[in-house]
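Engineer: Heads up: the protein sequence lines correspond to chains B and Z, in order. Per numbering that gives the first Met the number 0, residue 0 is the first one in the first sequence, and the count goes up by one each step. Per numbering that gives the first Met the number 0, residue 0 is the first one in the second sequence, and the count goes up by one each step.
You may find that some hints are simply not true.
Partner residues aside, some chain B positions facing chain Z, computed with beta carbon under 8 Å [as the list claims (entries may be wrong)]: (1) 0; (2) 9; (3) 24.
In silico lysine-lysine, DSS-like type, Cα no more than 30 Å apart, as pairs [to be verified]: (4) B:124 <-> Z:110; (5) Z:121 <-> B:46; (6) B:37 <-> Z:110; (7) B:46 <-> Z:124; (8) Z:21 <-> B:103; (9) Z:32 <-> Z:21; (10) Z:124 <-> B:49; (11) Z:1 <-> B:1; (12) Z:124 <-> B:121.
Far from chain Z, some chain B residues (derived; all Cβ distances over 12 Å) [unchecked claim]: (13) 32; (14) 36; (15) 37; (16) 39; (17) 98; (18) 106.
Hints were generated in silico from the structure; no laboratory data involved. Computed from a predicted structure; not experimentally measured. Heads up, the beta-carbon is just placed ideally off N, CA and C, and yes, glycines get one too.
2 protein chains.
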Amino acid sequence: MKFTYTGIEVRDLDRAIEFYTKGLGMTLEGRGKIAATKGEVAGLRSKGSKQILELNWYPRRRYRAGSELDHLAFDVGDGDVETEIERLLTMGATRARPTEVRPKYIVGFVKDPDGVWLELYKARK
Amino acid sequence: MKFTYTGIEVRDLDRAIEFYTKGLGMTLEGRGKIAATKGEVAGLRSKGSKQILELNWYPRRRYRAGSELDHLAFDVGDGDVETEIERLLTMGATRARPTEVRPKYIVGFVKDPDGVWLELYKARK
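Okay, chain B solo, but in the shape it has when bound (with noise of 0.2 Å):
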C-alpha cells in the first residue's frame, strides 16, 4: 500500500493548470478525460519531487466551498483492492463508492474515520 498522489477538485482546469505551472513551478504530467465520471483530470510534479497533484475537474458539479479535498490515491501494490476495503471497513472506514473495473485499473473508494475520500487502486495486468 503506497500513497501516491493528492487530487483537488477544480473549477476551471485551464485556470488551475496556468495557475500550479506558471504560478508554483509545477510541471504538466499529463492530462486526460476519466469516462467513468466523465471529467477531466490532470497530473501535476514539482522539479526533483515523485509528488503528483492532481487536478479534478467534473461536468455539471455545482463547486462548493469545503469541496477542494477530492481524494487522497492509495495504490494497493500486490495486494488486493476489494480485500483492502473491506479491512478498513473493519476500522472504521465507510464504503464512499462501489469496488469498479474501468479499463486501466480496479478503483475502490472509502471515506477515512473523518470523512476523506480515499482511493485505492491498482494496474490491471
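Please arrange chain Z on chain B, whose structure you already have, making use of the hints.
Structural biologist: The following block gives chain Z in isolation, referenced to the frame of chain B:
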C-alpha cells in the same frame, strides 16, 4: 518551489495515526505541537515514497464536513516567502494569513483561485 506534502484536518490525532499506520501501512515520521496554532501535527509516509501526509489537529476548532483539506505545502527553496506570495496574489491567489516568522520556518498562506489553502515556507538559516 517544491510541493512537499498534503495536510488534512483530523478530529482525533491518535485515531487518525492508528488508521493511517495500521490501516494503510504508513510509517509515523514524527509528531509535535505547533505553537502558532496551539495544535498538534503528525507526519506519515509510505515505505518507498517521499510523499508526506500531514495530520493536523487543532484545539477547540469546530470541525465541519468540508474542512478535510487543511493545506498543500510548498517549500520556496532559494526564493523568499513574501515575494512569492506577492507574485501569486497577482495571479488570482488571495492572502489567507499574514506571513509569520516561526522558530524554525518563515511561513505564509494564500488561497489558490479555487480556495485551496497553500502554505509557502522556508527554513530559517
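Engineer: I'd like to know which numbered hints this structure contradicts. Please list them from smallest to largest.
Structural biologist: 4 and 12
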